[in-house]
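Asks: Based on the provided sequences and hints, a complete structural model is requested.
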Amino acid sequence: MIDYELSPDIVATREQLHMLAEHAMRPIARDYDEREHEKPWDFINMTWQLSKNSGIGPGRENRDKTEPRPDAERNLRTCVAVEELSWGDAGLYLAMPGPGLGGAAVMAAGTPEQKERFLSRFKGEKAVWSAMAITEPGAGSDSAAIQTTAVRDGDHWVLNGTKIFCTSGLMAGDPSKSNGFIVVWATVDRSAGRAGIKSFIVNAGTPGMTIAKCEDKMGIRVSDTATLIFEDCRIPLDQILGSPEVPKTSEGFKGVMATFDATRPIVAASAIGVGRAALDFVREELKRQNIPIRYGTAVHKLTAIERDFMDMEANLQAARLLTWRAAWMMDRGQRNNLEASMAKAKAGLVVTQVTQKAVEILGPLGYSRELLLEKWMRDAKINDIFEGTQQINMMIIARRILGYSSKELS
Amino acid sequence: MINFELDQEQQLIRDTVVSFARDEIRPHAREADEKGLIPSALIQKGWELGLVQSIIPEEFGGFGNGHSAISGAVVAEELAYGDLSIAMHLLAPRLVTVPVLEFGSDALKRSVLPRFCGDRFEPASAAVMEPRMDFDALTPTTSLKRDGDDYTLNGEKCLVPLGNEARQFLVIAGLSNGTGASHPQAVLIDRETPGLTIGDRERNMGLKALATTRLVFDGCKVPREQLLGGGDGAIARLANLWRVAQSAMAVGVARAAFDYARDYAKDRRAFGQVIAQKQAIAFMLADMAMEVDAMRLLTWEAAWKLDRNEDATREAHLAKRYAAEMALKITDNALQVLGGHGYIRDHLVELFLRNARSFAMLEGFAIA
Ligand SMILES: Cc1cc2nc3c(=O)[nH]c(=O)nc-3n(C[C@H](O)[C@H](O)[C@H](O)COP(=O)(O)OP(=O)(O)OC[C@H]3O[C@@H](n4cnc5c(N)ncnc54)[C@H](O)[C@@H]3O)c2cc1C
Ligand SMILES: Cc1cc2nc3c(=O)[nH]c(=O)nc-3n(C[C@H](O)[C@H](O)[C@H](O)COP(=O)(O)OP(=O)(O)OC[C@H]3O[C@@H](n4cnc5c(N)ncnc54)[C@H](O)[C@@H]3O)c2cc1C
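Keeping their order, the protein sequence lines are chains U and H.
Per this note's numbering, the first sequence starts with residue 1, numbered consecutively.
Per this note's numbering, the second sequence starts with residue 1, numbered consecutively.
Calculated from the structure, these hints are not laboratory results.
Do not rely on the hints blindly, as some may be mistaken.
[Said to hold, decoys possible] Derived pair list, reagent style EDC-like, types lysine to aspartate or glutamate, alpha-carbon separation capped at 16 Å: (1) U:Lys301 / H:Asp134; (2) H:Lys329 / U:Asp311; (3) H:Lys266 / U:Asp311; (4) H:Lys208 / H:Glu31; (5) H:Lys45 / H:Asp134; (6) H:Lys278 / U:Glu408; (7) H:Lys35 / H:Asp307; (8) U:Lys126 / U:Asp42; (9) H:Lys109 / H:Asp190; (10) U:Lys301 / H:Asp136.
In this text, all values refer to a predicted model and were calculated from it rather than measured experimentally.
Replies: As structure tokens, then:
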């Protein structure tokens with residue numbers, strides 16, 4: 001039965017997080033954007049306590065599994081929560097401690113023992129991060145082309161290679177920041193192609209792993225984006241995720257890729273939060289100037305501003321509904337590979353356009369660093385790039401609707 | 001609690017309409033467009049699906065299944081997937097039955113609704129649009145003036161579906177309140193009303209199988225009982241129901257174009273490969289699939305609000321705008337995928353494009 005109303009429980013989560021977004025994130029957003037590599041420790045510690053006590057926050061999805069009553073709307077709730085936090089500030093949201101992408105991978109592919117060992121850290125007193133390192137200088141979208149190797153040596157795996165653009169790589173990998181871990185993709189057998197790609201859990205401070213630098217970026221500056229160098233980095237055998245066997249087919253790789261079906265709607269939700277921040281701002285500004293948005297009015301009577309605003313609003317809502325649908329399917333245990341990519345592709349593009357249009361509509365106010373609008377435009381763009389670029393998500397959609405393999409369409 | 005799945009009854013309705021659209025409507029789409037004529041046997045078969053009768057309460061002879069904007073949207077999408085003109089023809093009677101059901105007096109319901117529960121297709125229609133560039137459904141220039149106990153109707157309407165045969169018309173006119181201002185009011189008039197002239201069949205770029213005409217009202221007398229109730233809210237709600245139905249039809253047409261182009265692209269070879277394997281084509285198709293879903297999700301949201309009796313003006317307006325624009329973009333891209341062949345009338349995509357072009361213009365014209 002069709003229903004577009006969020007359950008009261010999710011609405012309550014949203015309202016709580018809205019307070020946090022408005023009163024704890026917005027006031028410091030500009031500051032941490034300007035002071036790029038400084039960490040908002042007060043905010044971090046406060047949200048860590050909050051999320052531990054109330055169970056709200058972006059990390060909740062990975063904790064719930066160990067709770068007695070699983071949340072039937074876990075993925076949807078996460079999307080609503082992440083939209084709200086990103087409405088506050090997308091950079092601060094990304095910088096928040098918690099299981100993040102690394103935790104999601106452990107959740108999806110880890111053994112019960114691994115889940116217990118690594119995910120229990122997120123229940124501790126001190127903030128903990130995890131990260132996911134796939135991208136390399138020579139392999140971005142084409143993640144199957146990674147060169148980092150993992151070689152078995154007695155009861156250890158030995159990692160060698162360079163990872164770039166690792167979100168929260170610093171916070172998860174530097175033991176002075178947290179007792180975190182990084183899930184690293186490496187190949188155990190280059191000749192096996194995709195099938196040879198495995199992921200490994202590397203603890204913060206493991207000898208042989210160096211955090212070489214953190215990037216200077218256009219937006220989401222408070223979130224660190226680290227380069228990690230692995231030189232004979234030795235990790236215990238039991239820190240491989242899933243089976244060490246190299247299967248004849250690329251099923252294993254598909255398994256790793258399936259993590260994206262869960263995380264793409266979350267990225268889309270974050271994107272929508274930024275877009276909504278911009279749209280809300282424009283709406284308020286128009287109201288202040290007594291410029292109405294006349295829904296239901298004949299098209300030729302609408303002003304250019306009204307048309308722009310309506311298009312922004314409809315597109316953003318379309319992206320939100322695609323996102324909620326992808327999350328809802330996941331909650332029902334349905335395969336959502338196609339829908340997750342639709343959500344991500346649409347949301348990434350829409351918020352890029354919506355925030356750019358908002359800057360345009362607001363004129364000099366939009367361009368000024370006195371306000372946050374220009375920042376939202378800078379922050380928004382990343383959503384069209386990470387977790388699969390616009391093009392990569394369109395390709396996934398295309399393969400699914402056409403019934404093509406990655407060989408037939410690349 | 002969020003749920004994007006139709007209930008069982010809605011799925012059942014959809015399944016019925018899906019096969020009718022595929023097996024009965026689609027095979028007639030091209031010829032109906034060329035000849036400007038829908039075979040009466042097809043219309044009669046469509047009538048027998050019970051899409052009009054089903055929502056009328058049993059006391060008036062209907063099936064009493066009730067009226068829901070979501071079910072209406074599902075039906076409209078699937079019929080329009082078959083063919084837009086034929087869909088509009090089959091659903092035209094609902095332009096009278098739904099407003100009467102929602103806003104008619106008991107007497108009006110008793111006199112009007114039983115006619116729509118017979119064995120034969122009962123042609124009826126609505127006259128909303130006017131032949132002016134600056135037409136606005138909420139401020140029509142067609143006027144309704146108090147005349148003793150009754151009213152007089154003057155003005156001109158265009159794009160009235162089934163104008164050639166409808167026995168009753170729902171007309172939206174501006175009712176003056178004596179102070180010079182007017183507000184929109186729905187009235188029901190019979191075809192035989194003196195002073196009503198029915199114009200020739202209109203000739204349009206698309207929707208060629210749908211017979212539309214102008215209507216001219218020259219001092220038509222309208223008895224008081226023929227006015228619908230509900231106040232200003234009634235017209236707003238009707239307009240929103242129509243917007244939702246139009247959006248749903250836009251989804252149907254867009255989806256038809258997408259399916260057609262996808263199948264063609266998987267078959268057509270160029271430069272040693274099927275063209276679906278070229279990203280330029282594959283990405284267009286991916287975008288179509290994504291936007292079809294987006295259009296539908298927005299449409300259903302507005303419908304859901306209407307079914308809860310909430311004001312859905314914002315949602316319906318945005319859904320309609322979005323759907324109209326996307327239907328045009330998608331049908332245009334579909335034609336592009338077929339290249340030169342898409343421009344030739346052997347293929348249906350050019351018909352989809354001509355039909356899709358109507359949505360942006362159609363305000364207040366459609367099916368509830
Ligand atoms: C701030 C930030 C945070 C990030 N966080 C992480 C992280 O935590 N972990 C991680 O592993 N990675 C992370 N990334 C990396 C990110 O996932 C990659 O940047 C992204 O996947 C694109 O890879 P690339 O930059 O190498 O671009 P490329 O793959 O070189 O792509 C360049 C362009 O070519 C297009 N393209 C590529 N292949 C195709 C194709 N087959 N068809 C059509 N077009 C194609 C792309 O869409 C793009 O427009 C992050 C990146 C940034 C900027
Ligand atoms: C009214 C009309 C008049 C015409 N007059 C003439 C004439 O006088 N003389 C004459 O010789 N021809 C004529 N043509 C033919 C016209 O030039 C072709 O229709 C046109 O070149 C496209 O070829 P096609 O229709 O076979 O499409 P296809 O080549 O089958 O293309 C189908 C689709 O695939 C796309 N596509 C094809 N290859 C690629 C690729 N490698 N990468 C990405 N996309 C690709 C195309 O852009 C198109 O969107 C006419 C066509 C029409 C409709």
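Asks: Out of the numbered hints, which ones does the structure contradict?
Replies: Per hint list: 3, 5 and 7 violated.
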